[in-house]
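**Student:** The residues making up each chain are set out below.
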Amino acid sequence: MDATAAADAPLRIGKHEFHSRLLVGTGKYPSVEIMRLAHEASGTELVTVAIRRIHLDDPSGKTLIDYIDRAKYAILPNTAGCTTAKDAVLTAQLAREALGTDLIKLEVIGDPRTLYPDTAETLIAARELVADGFTVLPYIADDPTACKKLEALGCAAVMPLAAPIGSGLGVCNPYSIAIIKEQSGVPVIVDAGVGTASDAAIAMELGVDAVLMNTGIAAARDPVAMARAMRLGVEAGRLAYLAGRMPKRLHASASSPLAGLIGTAHA
Amino acid sequence: MKLSVNGTSREVAEGISLADLLAELGVDRSGIAVALNDRVVRGAAFADQALREGDAVEIIRATAGG
Chain R
1 MDATAAADAP LRIGKHEFHS RLLVGTGKYP SVEIMRLAHE ASGTELVTVA IRRIHLDDPS
61 GKTLIDYIDR AKYAILPNTA GCTTAKDAVL TAQLAREALG TDLIKLEVIG DPRTLYPDTA
121 ETLIAARELV ADGFTVLPYI ADDPTACKKL EALGCAAVMP LAAPIGSGLG VCNPYSIAII
181 KEQSGVPVIV DAGVGTASDA AIAMELGVDA VLMNTGIAAA RDPVAMARAM RLGVEAGRLA
241 YLAGRMPKRL HASASSPLAG LIGTAHA
Chain E
1 MKLSVNGTSR EVAEGISLAD LLAELGVDRS GIAVALNDRV VRGAAFADQA LREGDAVEII
61 RATAGG
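As they're listed, the protein sequences go chains R and E.
All letters in the first sequence, in the order written, are residues 1 to 267 by the numbering used here.
All letters in the second sequence, in the order written, are residues 1 to 66 by the numbering used here.
Mixed in with the good hints, there may be bad ones.
As the list claims (entries may be wrong) - One side of the interface only, derived from the structure: several residues of chain E facing chain R at Cβ under 10 Å:
1. R10
2. V27
3. I59
4. A62
To be verified - Straight-line alpha carbon distances no greater than 25 Å define the calculated SDA-like cross-link-like pairs of lysine to any residue that follow:
5. K86/R to E151/R
6. K62/R to A35/E
7. K86/R to I32/E
8. K2/E to D58/R
9. K62/R to A19/E
10. K86/R to S9/E
11. K149/R to T83/R
12. K28/R to I32/E
13. K15/R to G31/E
14. K62/R to D20/E
15. K72/R to F18/R
16. K62/R to V41/E
17. K86/R to D55/E
18. K148/R to E17/R
19. K148/R to N173/R
20. K62/R to R42/E
21. K86/R to A45/E
22. K149/R to H16/R
23. K28/R to T63/E
24. K72/R to S30/E
25. K15/R to A131/R
26. K62/R to I32/E
27. K28/R to R70/R
28. K86/R to G31/E
29. K28/R to L56/R
30. K62/R to L25/E
31. K2/E to L56/R
32. K2/E to A50/E
33. K72/R to G31/E
34. K86/R to L3/E
Rather than coming from a laboratory, the hints here were simulated on the basis of the structure.
Virtual Cβ for every residue (Gly too), placed ideally from N, Cα, C.
If we strip away everything but chain R, and leave its shape as in the complex, we get (with noise of 0.2 Å):
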């Protein structure tokens, strides 16, 4: 390894610290042994999960955590559906009674064919949670003054979305990323949105500090592949924003020298 690379301290999220720079969910996938498969082949430490009832006419039957190694993968539950900040708090508690986690993927939506978030209610939400001594790490959008009020309330992390949730597009607005890593004093941790590769990398070389995905691997014609892909381009947007890159300029500059050139032109 390079002595950039080598360099790069681990992810801190609160009291948590990742060396993976990739979260991945465990939704959408075909089977849970490729779900498995691709967790491994993204390199991920850290997996999202849903909350929801259990079902009354199969009270037993095994549930997804059966299927994650929590030897070697922390979970993030999430509030993933819930429209309120009382219910997306109430899902929060009820996560950190089942799984043993103060982690949570703070999540009230606020529109169900946008999948936006719900900032008013996200705000409420997560001071109660902070109060609660939850390590809260908000999905939020990609809004720099949404962001700075979340980490003055006490958030681990802020997650703005790329695009939104399932769609692919890639980072949308880079600016308002650049923005929200400047000034931010908690990890950045774009969620939502990334369909490929370049998209992450593209995320990482705005200078954010993870990336988090599910359906851009989960929905990949072979997704332990794609999960191995990302961990590439997230691993290669990092790299570069750590190497820094030469400044764009709108003209060429050659390459190779202009002296000693043969012919009559440059005599």
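Knowing the structure of chain R, use the given hints to seat chain E on it.
**Tutor:** Structure of chain E alone, referenced to chain R:
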């Protein structure tokens, strides 16, 4: 008496505990959590938690999601 369990009405014996209800439902207690009337009940308190007519019980677990 009548309870709501995961949004479905259910008839149970008068004065049963939360632990009794979970046993009656055949719920494996690992990996689940329970809210009673919008408050989380810790696993250690299931046996002592009496249920009353009209209580709303929510039993959850982790599932696939992003």
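**Student:** Which of the numbered hints above does this structure break?
**Tutor:** none
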